[in-house]
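Colleague: Can you make the complete structure from the sequences, with help from the hints?
Keeping their order, the protein sequence lines are chains A and B. Heads up: the first sequence begins at 4 in this note's numbering, then just goes up one per residue. Heads up: the second sequence begins at 485 in this note's numbering, then just goes up one per residue.
Keep in mind that the hints were calculated from the coordinates and are not lab data. Where a beta carbon is used, it is the ideal one built from N, C-alpha and C, also for glycine. Be a bit skeptical, because a hint or two may be false.
[What the hints assert, rightly or not] Which residues of chain B face chain A? A partial, calculated answer using Cβ under 7 angstroms: (1) Leu577; (2) Asn581; (3) Val672; (4) Ile673; (5) Ala682; (6) Tyr684; (7) Pro687; (8) Ile707.
[Said to hold, decoys possible] Examples of chain A residues lying across from chain B (beta carbon under 8 angstroms, computed): (9) Lys37; (10) Val43; (11) Ser45; (12) Gly74.
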Amino acid sequence: MIWFWVLIAGVVTFLTRYSMITFINPKTLSKTSKEVLKYVPSAVFPAIIFPAIFLDQEGYFLNSNSPQIWGFLIAVIFGYVFNNIILTIVSGLVSFWIFTFLF
Amino acid sequence: MKKLQILKKGFLDVIPLTIPVIPFGIIYGVIAIEIGLSPLVAFCMSFIIFAGSSQIAFSQLLSAGASPLVMISSVAVINSRHFLYGAVLSRYLNKLNCYWKILLGYLMTDQAFSVSLSYFKKNYKKKNAHFHMLGSGFTLWFLWQLSTLAGIILGNIVPEQLGLTFAIPLTFLSLIISELRKKDHLIVIAVSGLASLALYDFPFKIYIIVSAFLALGVSYILITKFKNF
Chain A
4 MIWFWVLIAG VVTFLTRYSM ITFINPKTLS KTSKEVLKYV PSAVFPAIIF PAIFLDQEGY
64 FLNSNSPQIW GFLIAVIFGY VFNNIILTIV SGLVSFWIFT FLF
Chain B
485 MKKLQILKKG FLDVIPLTIP VIPFGIIYGV IAIEIGLSPL VAFCMSFIIF AGSSQIAFSQ
545 LLSAGASPLV MISSVAVINS RHFLYGAVLS RYLNKLNCYW KILLGYLMTD QAFSVSLSYF
605 KKNYKKKNAH FHMLGSGFTL WFLWQLSTLA GIILGNIVPE QLGLTFAIPL TFLSLIISEL
665 RKKDHLIVIA VSGLASLALY DFPFKIYIIV SAFLALGVSY ILITKFKNF
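Modeller: Structure, rendered in structure tokens:
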């Protein structure tokens with residue numbers, strides 16, 4: 004069953020890439036929809052980030068001194084200051100390990 | 485220019501942009517193994533789906549027991565940015581035959597789009613300009629397969645105690661890190677994040693898709709009602 008859904012996900016992904024090249028006249032995508040599409044990462048990714056940082060497995064809020072909240076904050080600061088993808092991930096992971104060791 | 489030269493130019497142009505792709509692929513491979521996917525499924529996803537953030541989101545939702553409908557619609561929303569790329573590229577690609585469109589559609593990524601678009605803008609009169617996107621797209625595809633494979637192998641070695649699933653939210657954070665400097669994006673980010681916390685207990689992990697649409701609704705309002713924001 005998992006293969007079936009992987010395949011469907013692949014087809015859906017392909018269609019998002021292929022459809023605009025072929026089926027639709029580019030002018031039918033209005034200026035407003037183009038503007039909205041630019042917000043897609045900012046609209047989707049926080050919905051994955053926030054629960055993974057602030058909630059535990061059962062959906063309860065984590066204690067404010069949990070290592071992942073602090074690791075996340077460090078990653079935000081490093082990412083904001085240096086504006087670098089890899090540095091964001093690495094700083095978050097390393098500080099997460101340090102805080103896990105300390106607490 | 486000959487076809488091969490244009491192909492090579494696409495390959496060379498995209499190389500600088502592949503630097504973050506390699507660790508990203510490794511992270512995906514490690515995460516997929518850590519959350520319990522089989523190495524074969526994890527690897528095949530890299531060429532069936534061939535989209536990093538979708539692959540990570542799909543794997544995570546799968547292991548969290550989300551309903552298939554939520555998994556597929558989340559993948560669709562994450563990838564909807566491709567509509568924008570396709571619409572921009574279509575004026576350069578619409579004269580190609582069906583096979584070329586399928587091939588270049590499959591190879592369309594953020595990186596290939598950005599380097600090949602700037603080539604097309606300067607060289608739209610050249611007959612074989614599309615070979616540039618074949619070069620940039622294939623280079624990225626190949627490196628993605630290679631780096632995810634490395635991650636899958638690594639995922640079988642690194643101990644679970646390292647807590648590498650924490651790399652999932654960090655990876656997604658890194659993808660929007662440059663948006664944190666923009667006020668309008670900050671509002672959209674806050675709406676999506678807070679909505680996801682509020683709706684987390686809803687069945688089938690539907691919070692992802694509902695929060696995303698709420699946040700897109702807010703971005704629509706920001707665009708139409710507050711143009712000078």
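Colleague: Are the hints correct? Go through all of them and say.
Modeller: The hints, checked one at a time:
no.	hint	in the structure
1	Leu577	5 angstroms, holds
2	Asn581	11 angstroms, violated
3	Val672	4 angstroms, holds
4	Ile673	5 angstroms, holds
5	Ala682	10 angstroms, violated
6	Tyr684	5 angstroms, holds
7	Pro687	12 angstroms, violated
8	Ile707	5 angstroms, holds
9	Lys37	6 angstroms, holds
10	Val43	5 angstroms, holds
11	Ser45	4 angstroms, holds
12	Gly74	7 angstroms, holds
Violated hints for the displayed structure, listed by number in ascending order: 2, 5, 7.
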